[in-house]
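Participant: Each chain is listed here by its residues.
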Amino acid sequence: MGQENKGKVEEKMRERLKRPLVLSAESEKRIQAAYKKVREECEVQNMAEKRKNMERQDKSHKMAERIDNGNQEGKVRLHRGHSLRRMALVAVAAVMIMATGLVAAAAMGYFSKTVKEDKGKAVYEFAVNYELQPVEVKVKAGYLPAGMEEHDIGKYWTEENPGHGISVSPLNVVNIDQIKKNLSFDYVENIERTTIQGMEAHVITFQDEEKYDRGKGIFLFNAEQGFVIWIHGDTIVPLEEVRKVAENLEITVTENTDLSYDLPEDTQAKDAMEDAYQKKMEELVARGLKEEELTPLGEELDCEFSGCKIKVEDVQILDSLYDIPGYTEAGVCEMEWLAPWLETDGTHKPYLRTHYGKDGEILGEETVSCRFMAVKVVLNQYGESGGSGTAVNGSLKRMSKSGDGTYHWKEDFYLAVPGEGYSLQMDNMAFYFDQPENLEGDKRAHSFFFRNLKPGDMLTYTLVFAVDEDILADESSELLLEFDATQNIMENPMYSKLK
Amino acid sequence: MEELIRRAQAYDGDAFVELMERHKQSMFKIALSYLKREEDAADAVSETILDCFEHLGSLREPRYFSTWMVRILINNCQGIWKRNQRTVSLEQMVDWKPAARSEENREFLDYLEPLPEEERLLMILYYVWGFKTREIAEILGKKEGTVKSKLIRGREKIKRMFFPELA
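Chains C and P, in that order, are what the protein sequence lines are. Following this note's numbering, the numbering of the first sequence begins with 1 at its first residue and continues without gaps. Following this note's numbering, the numbering of the second sequence begins with 1 at its first residue and continues without gaps.
With the rest of the complex left out, here is chain C (with noise of 0.2 Å):
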């Protein structure tokens, strides 16, 4: 066969193998299944990361808080729960010891429940009854407050305040169980316990909501049908609204034979490798880093997993923005962080934030000026770089020099007071990129920090991050940066030296 006639060929297969096959509906209806399963543990996930967050942002969870902080691992790290799919087989054999119809509940319901109060710590357990099948819960807001529309599933917020607003969680009996001895909150000024929709509910305020962005929450707790329903609201948004977006919920609880229980081996495998990953942190953060792990300035490090040799070339302090060589407004990522935050000069204004011990209490709270550190970075791609592009971004580590030569991340930690709106400093990343090649819309907002390089590429940039000014005059500090390009991993931490 002549190369013409191979090449037909090719196109020909090629053309017809890639058309488009027509899907039944029981087919889509079998994916969409799927996808739901995926939605409702995407929802319980993301309600616990904002729990967690919560209570990161309450510093009451120092370690955890380091351990983000302290390597990159700690971020990308996830654990995807429970197994679906065991789930969707155990329910066929829930189903069979099932009565039919929705089950009533015997006398303790679908759980019981426990609240331990102590010191502004409120402690939420919950014990679950496995004779029951689970049943699906479903809300809806039967009141809104004026121009707040819903822009994601049980989410609601105004056009003027994008992402602050009211949501709607509701959790069945499954996702209980799930969070039955991990639902606690910090800083509570109040729980009144009340009745609305003839169900138990605790409307929990904290303390000093305001200052620290903390907002409210109303539980409402239904363990004869077997849910609970939590509504926070963002301290923009005033107790009474939430009460009445509480109180005219519409509820809908129906029977799903899908929704089964966790495996106790599940669940037991989740926890050790949750407390394995633990344990390798803590001894991680015990030992620190030795001075051959890191990178000298002005050598390369190779950073394998992206393909490239990242270089700090120079490092510069400066007052003023406007002092960076070539500074271009177009390098910075997002100039509602920074404008409020920018004199005239370019020097950066001072803003108010909390210091905080290694558990999580607070040493102090000050206003403090920045100044800003210029990296001058030169990348080597040698490699692909993935869809993305390669990574340019880095987070700087504060550390402390042991006599024995080796680096222990800072114990104490400084966060900006929440109601300051403060972000230029967001997990201690640069703000400043003079080379974004990712501009508009979506790019812009997930990609700014990637570049597309081939192999053999050489990019010479510049970083721009803001740092207390005191921080960068402790002499008993040295920052450090992981570039996100290392991809650190536990076992082999990678960081550069910027002195």
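Since the hints were made in silico from the structure, they are not lab data. For each residue, glycine too, the CB sits at the ideal point set by N, CA and C. Misleading hints may appear alongside valid ones.
[Said to hold, decoys possible] Below, a list of computed lysine-lysine pairs in the DSBU-like style, where the Cα atoms sit at most 30 Å apart:
no.: 1; chain 1: C; residue 1: Lys443; chain 2: C; residue 2: Lys18
no.: 2; chain 1: P; residue 1: Lys24; chain 2: C; residue 2: Lys443
no.: 3; chain 1: P; residue 1: Lys82; chain 2: C; residue 2: Lys8
no.: 4; chain 1: P; residue 1: Lys132; chain 2: C; residue 2: Lys309
[Unchecked claim] Where chain P lies over chain C, by a calculated footprint (3+ residues, C-beta under 8 Å):
no.: 5; stretch: 14-20
no.: 6; stretch: 26-37
[Said to hold, decoys possible] In silico negatives: residues of chain C with every beta carbon more than 10 Å from chain P:
no.: 7; residue: Glu41
no.: 8; residue: Cys42
no.: 9; residue: Asn46
no.: 10; residue: Gly120
no.: 11; residue: Tyr143
no.: 12; residue: Gly198
no.: 13; residue: Ala276
no.: 14; residue: Gln316
no.: 15; residue: Thr354
no.: 16; residue: Gly360
no.: 17; residue: Tyr422
no.: 18; residue: Gln435
no.: 19; residue: Met458
Fit chain P to the given chain C structure using the hints.
Facilitator: This is chain P only, laid out in the frame that chain C set:
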């Protein structure tokens, strides 16, 4: 796509669904070429969606997402095939024949009809997914030379049957 994967790893349900939707057609083609019955293919794909979600956190390198997902899909297809060997009745087996195929998809299945199972899979991986022969070899645990020779053989069969004028 890596961005979608990262978002999906962070429990962004929309991102995960979009990721799966992008691959749905290609997944179905593998499953259908393997299992032939659309309902089985739908089961294989939906199981793969759940498995991918469950284990996505363990995927450290998003660039390997496609090969990783295809391996899961093939495992699920094999599992369903084995289950069917034990449980599918003769009556159901009859439904697997081309007569039961939807008219719209007949062309796709007819096209693969002359090929044995493994060659069908190779054709889909090569022409639909766009994997290189080296990647296919890794996915299937075969030598690259074997993959190449089977691809040539499959191509020849299709050529003789559907494009005799080019033979």
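Participant: Look at each hint and say if it fits the structure.
Facilitator: Here's how the hints hold up against the structure:
no. : hint                     : result
1   : Lys443(C) with Lys18(C)  : holds, 28 Å
2   : Lys24(P) with Lys443(C)  : holds, 24 Å
3   : Lys82(P) with Lys8(C)    : violated, 38 Å
4   : Lys132(P) with Lys309(C) : holds, 27 Å
5   : 14-20                    : holds (count 6)
6   : 26-37                    : holds (count 8)
7   : Glu41                    : violated, 7 Å
8   : Cys42                    : violated, 4 Å
9   : Asn46                    : violated, 6 Å
10  : Gly120                   : holds, 29 Å
11  : Tyr143                   : holds, 26 Å
12  : Gly198                   : holds, 32 Å
13  : Ala276                   : holds, 14 Å
14  : Gln316                   : holds, 31 Å
15  : Thr354                   : holds, 27 Å
16  : Gly360                   : holds, 24 Å
17  : Tyr422                   : holds, 24 Å
18  : Gln435                   : holds, 19 Å
19  : Met458                   : holds, 21 Å
When the structure is compared with the earlier hints, violations turn up for hints 3, 7, 8 and 9 and for no others.
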